[in-house]
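Asks: The lines below spell out each chain.
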Amino acid sequence: MGRVITVTSGKGGVGKTTTTANLGTALAMRGARVAVVDADIGLRNLDVVMGLENRIVYDLVDVVEGRARLRQALIKDKRLPELCLLPAAQTRDKDAVTAQQMIDLTNLLRAEFDYVLIDSPAGIEAGFRNAIAGADEVIIVTTPEVSAVRDADRIVGLVEAAEKGPAVLVINRIKPRLVSRGEMLSVEDVLELLAISLLGIVPEDETIVIATNRGEAVVYDPNSLAGRAYINIAQRLAGEDVPVMAIPDQQGMLDRLLGLFGRRRT
Amino acid sequence: MSDLISIKGSRDGLRLRLDANAAWQDLLSRLDQHLSERRSFFHGASLVIDLGEREVSPAQLDEMLALIRQHGVQATAVDSSERTTRAAARSAGLTTRPLPRYTEPVAAVESEALLVIRTLRSGQVLRHTGHITLIGDVNPGAEIIAGGSVVVWGRLRGMVHAGALGDSNAIICALELTPTQLRIAELIARAPERHEVRRPEFARVVAGEIVVDGWEAFKR
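If you read the protein sequences in the order shown, they are chains A and B. According to this note's numbering, the first sequence is numbered sequentially starting from 1. According to this note's numbering, the second sequence is numbered sequentially starting from 267.
Because the hints were derived from the structure by calculation, they are not lab data. Hints are not guaranteed to be accurate.
[What the hints assert, rightly or not] If you want the ones that stay clear, here's a sample from chain B, every Cβ over 10 Å from chain A, calculated:
no., residue
1, Ala325
2, Gln340
3, Leu381
4, Thr385
5, Arg387
6, Gly389
7, Gly396
8, Asp403
9, Asn405
10, Pro406
11, Trp419
12, Arg423
[What the hints assert, rightly or not] Here are a few chain B residues that face chain A, going by a calculated C-beta distance under 7 Å:
no., residue
13, Gly318
14, Ser388
15, Gln390
For clarity, every value in this text was computed on a predicted model and none was experimentally measured. For every residue, glycine included, the Cβ atom is placed at its ideal position computed from N, Cα and C.
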């Protein structure tokens, strides 16, 4: 039986969809059978990020309402035969699905795949509740910004209340230079407030923007720092005992020089 | 507090008890007065209504529910020993629990102080008529509302209202007192912009103002 893992955040635009797509791809690259499910009904974009938009025939709502079998709606990834996408419906809204229907759907998927990753919509309403209804585990994505962390805290509480916890955390878009200047929340600041365990961190990286706009996962790019970060997270998710990837300070030379003269602040 | 009605906090939350014999209209007007005098405590609260042995018609119950709703209060359940009363509550969409008949009022376990061990996160509210001790952090966006004093054995970064039923002698203390806002009785204070303070502190009312001091300064 596979693991059903929901990726959620509360705040929009922190990287849920990118995280779902890249974690799914990274897990499939390890040979696991992976289904990624877009639960953002009415505002789908997991298919776009994965470059599979033009292959959609049936969607999640078609399956739930019995117009299509699960097999018909699942779309195979362009490169990895072990990776499948179940797209959201674009012409419906969150009320098109109930929590019980999501639980039934995840049970079907659990039987066929090792990992079922569900991309949750932003917010705390019905869409979010549906997205966690069938989950065994929850990953909360946040960025090191006060507003995103505040929303993540709210989500941690709701996940606990729904007895899906304890959730684990991915901190996305860390800018090491800002952190070292004390102008951005550090990983430690975020963890001190949220008090949940850290699954991994992802640096701000323009290769993400380029790959996402092309509809490709960034984990294929061996030179991408963010891609390596997602592979690290997938390893940890799979239970490998590897440390959270450290992010090199991109200030580089100057910092190292200053370091030589012992001027670096701690 | 009037004898006709009482609202007490317990581990299950707030409980509204109504006198079994007084006229219904008298009860409602007392209730109206009680809630409006303690608006800052009750707004947003939910409570269990204990109607005892009184027979209450659906129309009467609707009237009461509408009244408490006006004060921003929600009923979660109705306890009653009368079947007709429970039926009225069910038709109003509330859960009901039967009460045993003819029970001597057992010294109810209504702790004056409430001890809670957890992290209070954004959007979560802890509300109690007595004192509250929380072992854990109060994160930004979380709220504690107490009739008495509040002790936070942890970081207080959210909002705390002590003495919310009007007691200006209530105090608030925390290992790290960096709240978004503090309220004691009718007074409101915003936390000053300051650097991190790494010592326990407490807040109390001095000459009509909320004053924060280091723990060593605590003298009664």
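Asks: So, for every hint listed, does it hold in this structure?
Replies: Hint check results:
1. Ala325: 34 Å, holds
2. Gln340: Answer for B:Gln340: holds, closest chain A Cβ roughly 17 Å.
3. Leu381: Since the minimum Cβ distance to chain A is about 19 Å, B:Leu381 lies beyond 10 Å and the statement holds.
4. Thr385: At roughly 6 Å from the nearest Cβ of chain A, B:Thr385 sits no farther out than 10 Å, so the non-interface label is violated.
5. Arg387: 4 Å, violated
6. Gly389: Per Cβ check, B:Gly389 is inside 10 Å of chain A; nearest 4 Å; violated.
7. Gly396: Label holds. Min Cβ-Cβ 24 Å, cutoff 10 Å.
8. Asp403: Not fine: 7 Å to the nearest Cβ puts B:Asp403 too close to chain A.
9. Asn405: 5 Å, violated
10. Pro406: Violated, because the least Cβ-Cβ distance between B:Pro406 and chain A comes to about 6 Å, which does not exceed 10 Å.
11. Trp419: Label holds. Min Cβ-Cβ 15 Å, cutoff 10 Å.
12. Arg423: Per Cβ check, B:Arg423 is inside 10 Å of chain A; nearest 8 Å; violated.
13. Gly318: Violated, about 32 Å.
14. Ser388: 4 Å, holds
15. Gln390: 5 Å, holds
The structure fails to meet hints 4, 5, 6, 8, 9, 10, 12 and 13 from the earlier list, while all remaining hints are met.
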